[in-house]
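Number of protein chains: 2
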Amino acid sequence: MSKEFATRAENYSEWYNHIVTKADLAEHAAVKGCMVIKPYGYSIWEKMQQALDQMFKDTGHENAYFPLLIPKSFFSKEASHVEGFAKECAVVTHYRLKNGPDGTVIVDEEAKLAEELIIRPTSETIIWNTYKGWIQSYRDLPLLINQWANVVRWEMRTRLFLRTAEFLWQEGHTAHATSQEAIEETERMLGVYADFAENWMAVPVIKGKKTANERFAGALDTYCIEAMMQDGKALQAGTSHFLGQNFAKAFDVKFTSKEGKQDYVWATSWGVSTRLMGALVMAHSDDQGLVLPPKLAPFQVVIVPIYKTEEDLLKINAKVEEIRKSLISKGIRVKYDNRDTQRPGWKFAEYEFKGVPLRIAIGPKDMENGTVEVARRDTREKEVLQMVDLDNKIEHLLSQIQDNLFQKALSFRDQNIRRVDTYDEFKKTLNENPGFILAHWDGTAETEQKIKEETKATIRCIPLQAEERDVKPGICIYSGKPSERRVLFSLAY
Amino acid sequence: MSKEFATRAENYSEWYNHIVTKADLAEHAAVKGCMVIKPYGYSIWEKMQQALDQMFKDTGHENAYFPLLIPKSFFSKEASHVEGFAKECAVVTHYRLKNGPDGTVIVDEEAKLAEELIIRPTSETIIWNTYKGWIQSYRDLPLLINQWANVVRWEMRTRLFLRTAEFLWQEGHTAHATSQEAIEETERMLGVYADFAENWMAVPVIKGKKTANERFAGALDTYCIEAMMQDGKALQAGTSHFLGQNFAKAFDVKFTSKEGKQDYVWATSWGVSTRLMGALVMAHSDDQGLVLPPKLAPFQVVIVPIYKTEEDLLKINAKVEEIRKSLISKGIRVKYDNRDTQRPGWKFAEYEFKGVPLRIAIGPKDMENGTVEVARRDTREKEVLQMVDLDNKIEHLLSQIQDNLFQKALSFRDQNIRRVDTYDEFKKTLNENPGFILAHWDGTAETEQKIKEETKATIRCIPLQAEERDVKPGICIYSGKPSERRVLFSLAY
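Top line first, the protein sequences correspond to chains A and B.
Here the first sequence stands for residues 3 to 495, numbered as in our numbering.
Here the second sequence stands for residues 3 to 495, numbered as in our numbering.
Next up, chain A with everything else stripped away, as it sits in the complex (with noise of 0.2 Å):
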């Protein structure tokens, strides 16, 4: 294939965006800020919304939708929150149009709402505002409620599925008895969104606690799954929050316990969005194009035929048909592209860049033997098959695939996680082996504040799970005063 875009070690951020937009997956819209997302694209992120709806389900929660529009003064209900949400919003301020000269359409300055509202940047006020309608009593609790919805955050420099004004996500809100009740499912939702990320999407992730600073507005405790990107970058790939009694104390929303006690609510609120296909693209692709996990691949096998004569297309046709039902009946995705608009050559080289997992070739020869050419998108690996039994050995090669992308993420990730003990060696790795850097840190705001200034690091997590020798007392890199255990920097998306 000829070179005709910048690899990844030439310009990420320029591979990143010619795979997004030449794998069909997003574009930017006509609206700044915005994009939309094409069929291929939105084919996997289906597929990412099927897999975590069922996990949700599995876990007790049940869908609903609450409105787009929050009155603005919803947002100055819970103190902590405002600070963090109310700001880069777009605002409804009016209810009509009307025509203006030469065939215009104005704004019509009568029709001005009284209160402005909001389209929502995330929904735990008009949540908690309905809530207070349906919890009275310990029977109504715990209340597990997940909603997939569209929000906007306005952005001024966005990125397409990194960072869009509009993105699309899933937000579970869910209300418990006790502080621990809702701690648990605060946790357990991170290991929902480990799991998905791990076991779907082949990204290994590290669970976490992200630091006071970095923390929901409005959380007691904001947990989060990081991932690491080929250029050593993370990227926040879900959050899960414990919301203590803030927003039901914001909405008034109390409960009386078995006992007959009054007292308000606690509240989890958690949510993965759009972004993942970004991390997705990030974790897994190359300088040939997009590769995909077969768990999510809008197709996970593509055929296409090799022919000179109608006749043998018409044979191949027929064989195809035979091998398309055998893998369909293993529940395997599988497209046949039999245009004759298109040469193999090309159509190769398409599905390479679309990261089909395999590739299936058949020739007349293939016919005559008995065979077919398969070919590994993420090896980039040819071998030929006997078509006898060939729907076990797709199978078994999808898994592989799988696996395969899995350990060598989990490989290149831990190569470049490193310990490092001062702060000039922290400037240097950053600069010369960026990745995730295990470092002490004294504990404080200003620190890492201050770090994040000079180097742009910032603190992914404390992570949950550790090595001993991480968890040992130490001297803060930047202050030298003391640390509790190391922490986790990175430079982020």
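Hints were generated in silico from the structure; no laboratory data involved.
The reader is advised that the hints may include incorrect statements.
Because identical chains share one entry, a pair is satisfied inside a single copy or across any pair of copies.
To be verified - Derived pair list, reagent style EDC-like, types lysine to aspartate or glutamate, alpha-carbon separation capped at 20 Å:
| no. | residue 1 | residue 2 |
| --- | --- | --- |
| 1 | K49 | E64 |
| 2 | K384 | E397 |
| 3 | K59 | E48 |
| 4 | K49 | D60 |
| 5 | K134 | D265 |
| 6 | K89 | D104 |
| 7 | K410 | E216 |
| 8 | K79 | D110 |
| 9 | K79 | D104 |
| 10 | K454 | E216 |
| 11 | K327 | E85 |
| 12 | K89 | D110 |
| 13 | K89 | E111 |
All figures in this text were calculated on a predicted structure; none of them were measured in a lab.
Go by the hints and put chain B onto chain A.
Using the frame of chain A, we list chain B on its own:
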């Protein structure tokens, strides 16, 4: 069950609101005109989505996602579209809030958008603006895309599901090389909607074309399906539009044909919304509450244990676990409610009100006899069934209920379609026997408008399938002028 709300006969509108709110389908949100779709209601909507989505995919469509916000100027590009749509819209004028006095937030007047953005009331404009970049050649056609999304149309008088400022829907937007193909697509999707309404919702529909007056803004032809509610009023349950080349011309979307000629692309759009939830409620429910067709019920069977001692309950639990498994293996959705916080009578009333198609009760006597008591929601009949082969019997009953609901709605509708030949008779029928009226109309917008003003009845459609006697010429009931055929009038939601 004690009578605590209006019957259909007493107050149809109050009855409807009571069912929707008390059966936990939806409620009014804190934001004027918006609704919260509650978990039980959303679960029905999810089942509608799944069935429709599969039907769209089976007819070759792919999903994608386009921005929520549309630049105001886009609405001026298609002249008739702007008349119909760009008026009652939510207008975004600012993108930032800031701290106001006393912990409030206020709009930051410095963050005013150069061009206002409109929350999509429908997406033709933004989608056709995008298609311009996707379509160059006949090879790019047909383009068959669907979007699941929320839309906002400002409404002053709202009713849950039937008319809300924000609602959920799907909108298909397709592009074709010829007028003929686009018309075929328009009709195909109308067929999909009719199939869904009849075979999933158990609601019979009349397929037809709208008059010019009632066409979608920007369409050359609007097709619709019209269902009859139990009060005799019509509800438009889905529309499919042939848009001609209007949007292609407005957004300059041309393609090069096989022969190398340039032409504008032909378009369709089609949609159904959460309005279908309203249709579902009003078509089947009765004075005892919601009645759900089994195919769309969140759970199709609820099992309630009847017991005095803990020992009895344990035995019943074990037996129910067997029953539950065998029902699940048949793909039947089952809920077992053995909560000890509510008595059986309360549970019976609860699930009756929520429209669960079948209720199974098991008590100690049943355990001895190897029987269960099964109650149908649609007919409210009870029968005692042997546990042996129960899964097949239940499967059969569910299919009977689905069929019975359809037949009942069909016979109600057919009894309430009347032919009238004079305007007096027309008005009398509307007054005394509301339903569908087949009457002659002179084909003019003036007459249509006059009839609407004087009686509130509208031409629901010009039916695609009609009896021979209805497509013969006659005399317009209003003007006395010649009429080509009878058209379908009704009061409507």
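Intra/inter-copy verdict for K89 and D110 if alpha-carbon distance must be at most 20 Å | Between. Shortest inter-copy distance 9 Å satisfies the 20 Å Cα cut-off; intra-copy 26 Å does not.
Within, between, both or neither: K384, E397 at alpha-carbon 20 Å | within (16 Å within a copy, 49 Å between copies)
Homo-oligomer pair classification [D104, K79; C-alpha up to 20 Å] = between (45 Å within a copy, 12 Å between copies)
Same-copy or cross-copy closeness of K134 to D265 [CA-CA at most 20 Å] | Answer is within: at 13 Å inside a copy they meet the 20 Å cutoff, but 57 Å across does not.
Up to 20 Å CA-CA - E85 versus K327, copy category | So K327 and E85 fail the 20 Å test inside a copy (56 Å) and across (51 Å) alike.
Evaluate K89 and D104 at a C-alpha cut-off of 20 Å and name the case that applies: within, between, both or neither.
-> The answer is between: 16 Å across copies meets 20 Å, while 36 Å in one copy does not.
At 20 Å max between alpha carbons, let me know whether K410 reaches E216 within a copy, between copies, both or neither.
-> neither (30 Å within a copy, 59 Å between copies)
Have a look at K79 and D110 and pick one of within, between, both or neither, based on CA distance no larger than 20 Å.
-> Only across copies: K79 and D110 sit 19 Å apart there, 31 Å inside one copy, limit 20 Å.
Classify it for me, K49 with D60: is the Cα-Cα distance of at most 20 Å met within a copy, between copies, both or neither?
-> Answer is both; intra-copy 17 Å and inter-copy 17 Å each pass.
Check K49 against E64 for me: Cα-Cα at most 20 Å, and say if that holds within a copy, between copies, both or neither.
-> both (19 Å within a copy, 13 Å between copies)
Classify it for me, K89 with E111: is the Cα-Cα distance of at most 20 Å met within a copy, between copies, both or neither?
-> Close across copies (13 Å), not inside one copy (24 Å); limit 20 Å.
At most 20 Å between C-alpha atoms: does K59 with E48 qualify within a copy, between copies, both, or neither?
-> For K59 and E48, both the intra-copy (16 Å) and inter-copy (13 Å) Cα distances are at most 20 Å.
Hint compliance for this structure: hints 7 and 11 are broken, all remaining hints hold.
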